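On the provided structure of chain A, position chain B as indicated by the hints.
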Amino acid sequence: MIYGEKNVAITGIGLSEVGRPAQASPRELALRACLAAIQDAGLNRSDIDGIATWPGFLGGTSGMSDVAIHDIRIGLDLKLNWFTSGRETPGQFGAIFDAIGAINAGFARHVLVFRAISEASARKRNRNVILYGVQERASGIHEWLAPFGAVSPVSWFALYAQRHFYEFGTTREQLAHIALNARRNARRNPAAPMRDPLDLDTYLSARMISSPLCLFDCDVPIDAAVALVLSHKDAARDLRNQVLRFEAIGSAIRRGDTWFRPDDLTETSSHDAAAMMWSRTDLTPAAVDVAELYDGFSILTLLWLEALGFCGRGESGPYVEGGHRIALDGELPLNTHGGQLSGGRLHGLGFAHEACVQLWGRGGARQVQPQPRVAVAAAGLGVGFTGCLLIVRD
Amino acid sequence: MTVAANFDDETWCKGKPLPAVTPESEAFWTGGRDQKLMIARCGDCGRLHHPPLPICPHCQSWSVAPVPVSGEGVVVSYTINHQAWLPNMQVPFAIAYVSLCEQSDVWLLSNIVDCRPDQVQIGMRVRCRFVQHEDVWLPVFFPAGDDT
Numbered sequence: 001m002i003y004g005e006k007n008v009a010i011t012g013i014g015l016s017e018v019g020r021p022a023q024a025s026p027r028e029l030a031l032r033a034c035l036a037a038i039q040d041a042g043l044n045r046s047d048i049d050g051i052a053t054w055p056g057f058l059g060g061t062s063g064m065s066d067v068a069i070h071d072i073r074i075g076l077d078l079k080l081n082w083f084t085s086g087r088e089t090p091g092q093f094g095a096i097f098d099a100i101g102a103i104n105a106g107f108a109r110h111v112l113v114f115r116a117i118s119e120a121s122a123r124k125r126n127r128n129v130i131l132y133g134v135q136e137r138a139s140g141i142h143e144w145l146a147p148f149g150a151v152s153p154v155s156w157f158a159l160y161a162q163r164h165f166y167e168f169g170t171t172r173e174q175l176a177h178i179a180l181n182a183r184r185n186a187r188r189n190p191a192a193p194m195r196d197p198l199d200l201d202t203y204l205s206a207r208m209i210s211s212p213l214c215l216f217d218c219d220v221p222i223d224a225a226v227a228l229v230l231s232h233k234d235a236a237r238d239l240r241n242q243v244l245r246f247e248a249i250g251s252a253i254r255r256g257d258t259w260f261r262p263d264d265l266t267e268t269s270s271h272d273a274a275a276m277m278w279s280r281t282d283l284t285p286a287a288v289d290v291a292e293l294y295d296g297f298s299i300l301t302l303l304w305l306e307a308l309g310f311c312g313r314g315e316s317g318p319y320v321e322g323g324h325r326i327a328l329d330g331e332l333p334l335n336t337h338g339g340q341l342s343g344g345r346l347h348g349l350g351f352a353h354e355a356c357v358q359l360w361g362r363g364g365a366r367q368v369q370p371q372p373r374v375a376v377a378a379a380g381l382g383v384g385f386t387g388c389l390l391i392v393r394d
Numbered sequence: 395m396t397v398a399a400n401f402d403d404e405t406w407c408k409g410k411p412l413p414a415v416t417p418e419s420e421a422f423w424t425g426g427r428d429q430k431l432m433i434a435r436c437g438d439c440g441r442l443h444h445p446p447l448p449i450c451p452h453c454q455s456w457s458v459a460p461v462p463v464s465g466e467g468v469v470v471s472y473t474i475n476h477q478a479w480l481p482n483m484q485v486p487f488a489i490a491y492v493s494l495c496e497q498s499d500v501w502l503l504s505n506i507v508d509c510r511p512d513q514v515q516i517g518m519r520v521r522c523r524f525v526q527h528e529d530v531w532l533p534v535f536f537p538a539g540d541d542t
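If you read the protein sequences in the order shown, they are chains A and B. For the record, in the first sequence the residue sitting at position 100 is 100 according to the working numbering, with numbers rising by one throughout. Each number in the working numbering comes from the position in the second sequence (counting from 1) with 394 added on.
Incorrect hints may appear among the rest.
With beta-carbon atoms standing in for the labels, derived distance ranges [to be verified]:
hint	chain 1	residue 1	chain 2	residue 2	range
1	A	T258	B	Q526	26 to 36 Å
2	A	I2	B	C495	43 to 53 Å
3	B	C439	A	R125	44 to 54 Å
4	B	C453	A	N81	39 to 49 Å
5	A	I2	B	I449	31 to 41 Å
6	A	L80	B	G437	47 to 57 Å
7	B	P481	A	N44	47 to 57 Å
8	A	L204	B	G517	21 to 31 Å
Read the hints as simulated data drawn from the structure, not as lab findings. Remember, it's a predicted structure, so these values are computed and weren't measured experimentally. Just so it is clear, CB atoms sit at the ideal spot from N, CA and C, and this is done for glycine as well.
This is chain A alone, in the form it adopts within the complex:
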């Protein structure tokens, strides 16, 4: 079996200003992140011959995705062989999986992968923008959700959390440690927007949004952009940074999960993606030095810890209890930049960025010691929208 991801390396990363809101426009943020990633790789703009982005231009009022590929292509005067975007992918890492495929197919050698988001500005303009937007009638997935007031993903995922509490005895005190750990790490990350101290009492007394999820279980809207350069491994060796190789990826879905109809609320398509990833490597969860796991809502991180095999089904509550195991100096440092809960909602790609920061030893006050060699990153939500990556520094 040929595992094409092993032929692909991450050679550069870039992150824009992170604002609530930002001074710069979404396009400026995206252009700055892309340029930073190209320069970080030690490449010239003329070396970039592909672009992949998730979800691609959406427009509207939500701030979800206001930058198009042509904004980057024309702004940076790129000569491309290949480009793609699209939102129906195995989670927000879909653009990474596309880029790996294109590099293996020989469509492109150095692919820019970016994500720009401007949800902080959107909320300043209109409090009611949320993902649902302003539709006259609810259509698509919303036909089955919005008529019952389930217009925010927090309600959709609160249903997962409540079931986890019921089946396994998970408590708010346990779930809190996903948020508290994120805040502790964000306080060591100068780019993180949420840096005030957060303790258990404050968490437990916070406003409930959709039970059992409270304010601190929800990630923070920001304006920012993040970019990665993915290169063929043969083209990566002579570049500026030590080679970070994709050891394995997981994109599988083998069950009927959708946004409005899960098969099971505590074992989801995240398990399929994780099983695929581990089937493509000799490494095991014990080899992982640092984990960057999606926390759009705190419960999703618990579900990823189980899906990836760091603990058994239903055991993630006790696993994170007390927070020591997942701290920067614990056995599995988790969401080292503050995740999206405190580092801001870069909506997936930020977790791949932070995995690279840690593997390259650039974490500053939040750097895991000794410098990690193996990182896992996961994005998506268990609703038929999940993907994960295993990245290694040889």
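Then chain B, alone, in the frame of chain A:
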């Protein structure tokens, strides 16, 4: 059917967008006109699925048609939503996945009504009733009241 004195259908409807009814979903959203909860059923294997598809996801038969079910179910999970996401939305209210008694892997996302939100529990037996608004009859669920 008894309705709790403190529960008001008109208030419940406020701020909740109505569905864009399609030919495939029309039976589901309008069955309440005849007090019937209409769920897609395969004419060959007999299994139900929801939301409706033109093909049976279990046996790949094309002979799928909506049929009335009892409207009895069990709460699989729930959340009490406290945030007014849209203008006029009245909070709090209970959102739940309800599994149908005819086939436990058929789940409806709906609301639990006619009780205080904090009375909702996983495993609670519930029954369907309808709230009409414009051209749709929204199936919501209320406690069956026979839990022991």
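Here's how the hints hold up against the structure:
no.	hint	result
1	A:T258 with B:Q526: 26 to 36 Å	holds (27 Å)
2	A:I2 with B:C495: 43 to 53 Å	holds (49 Å)
3	B:C439 with A:R125: 44 to 54 Å	holds (51 Å)
4	B:C453 with A:N81: 39 to 49 Å	holds (45 Å)
5	A:I2 with B:I449: 31 to 41 Å	holds (34 Å)
6	A:L80 with B:G437: 47 to 57 Å	holds (51 Å)
7	B:P481 with A:N44: 47 to 57 Å	holds (51 Å)
8	A:L204 with B:G517: 21 to 31 Å	holds (26 Å)
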